[in-house]
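Asker: Line by line, the protein sequences give chains B and F. Sequential numbering from 42 applies to the first sequence in our numbering. Sequential numbering from -3 applies to the second sequence in our numbering.
Don't take each hint at face value.
Here are the simulated distance ranges between beta carbons [what the hints assert, rightly or not]:
no., chain 1, residue 1, chain 2, residue 2, range
1, F, Leu35, B, Gly100, 29 to 39 angstroms
2, B, Pro49, F, Pro98, 23 to 33 angstroms
3, F, Thr48, B, Arg91, 21 to 31 angstroms
4, F, Val64, B, Ser69, 43 to 53 angstroms
5, B, Gly57, F, Pro57, 15 to 25 angstroms
6, F, Ser23, B, Ser99, 19 to 29 angstroms
7, F, Val8, B, Thr118, 34 to 44 angstroms
8, B, Glu56, F, Gly12, 46 to 56 angstroms
9, B, Ala123, F, Asp59, 42 to 52 angstroms
Partner residues aside, some chain B positions facing chain F, computed with beta carbon under 8 angstroms [stated by the list, open to error]:
no., residue
10, Asn71
11, Asn72
12, Arg82
13, Leu84
14, His86
15, Leu89
16, Arg91
17, Gly100
18, Ser112
19, Phe129
20, Gly140
21, Leu142
22, Phe144
23, Gly145
24, Gly147
Hints were generated in silico from the structure; no laboratory data involved. Heads up, the beta-carbon is just placed ideally off N, CA and C, and yes, glycines get one too.
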Amino acid sequence: SQQGEEDPQALSIQEGENATMNCSYKTSINNLQWYRQNSGRGLVHLILIRSNEREKHSGRLRVTLDTSKKSSSLLITASRAADTASYFCATEAGGTSYGKLTFGQGTILTVHP
Amino acid sequence: GAGVSQTPSNKVTEKGKYVELRCDPISGHTALYWYRQSLGQGPEFLIYFQGTGAADDSGLPNDRFFAVRPEGSVSTLKIQRTERGDSAMYLCASSLKPSGGPDTQYFGPGTRLTVL
Chain B
42 SQQGEEDPQA LSIQEGENAT MNCSYKTSIN NLQWYRQNSG RGLVHLILIR SNEREKHSGR
102 LRVTLDTSKK SSSLLITASR AADTASYFCA TEAGGTSYGK LTFGQGTILT VHP
Chain F
-3 GAGVSQTPSN KVTEKGKYVE LRCDPISGHT ALYWYRQSLG QGPEFLIYFQ GTGAADDSGL
57 PNDRFFAVRP EGSVSTLKIQ RTERGDSAMY LCASSLKPSG GPDTQYFGPG TRLTVL
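Produce the complete structure using the sequences and hints provided.
Answerer: As structure tokens, then:
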């Protein structure tokens, strides 16, 4: 079953604009990760944020995590047409769920040149 | 180095047939995962191997699904008596899985299974 929900389900912006995607989850976690998927093929890992971290940056990506609200956001700044893809958040819980990722349903991002 | 590879990239079969999907992880990665992704959905966990053993197979939907990793490297996902509802993208991932630490899973390109 899916762990959480992503919002919005689809996002359409112009090149150069910023894109923000949100993810909510249900159970306590060890870490949260964001992945990108092009054209229904394999997923590419973007960034991992641990449960004791609040914000993390990688290039044009900024991820925040609010464990009290069980939510995360992914910000892509100065978007490019090549950023067009589906973006998924995934959580790794502890205990018996150690090792497995639980994904959200994804946000489809379209960046128009 | 080479990434995770999966074969075949596409598999079309008939209802009731048996299929095998293969995953070659990144060399040296001890952990291997199988996920299934239906159209418009996020991937769903099937099974996780640490070395040769299945550490967590809680995501396998029923006993028609089975996976092995006999030498701790290549893994095969086996589906018996396929049903149309098994049609999906099957994704494999591998990771180093440091003890107790956070971990990045590296995904293969997937096998798209279509059951007619």
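Asker: Among the hints numbered above, which are violated by the structure, and what are their numbers in rising order?
Answerer: Hints 4, 5, 17, 18 are the ones this structure does not satisfy, whereas the remaining hints hold.
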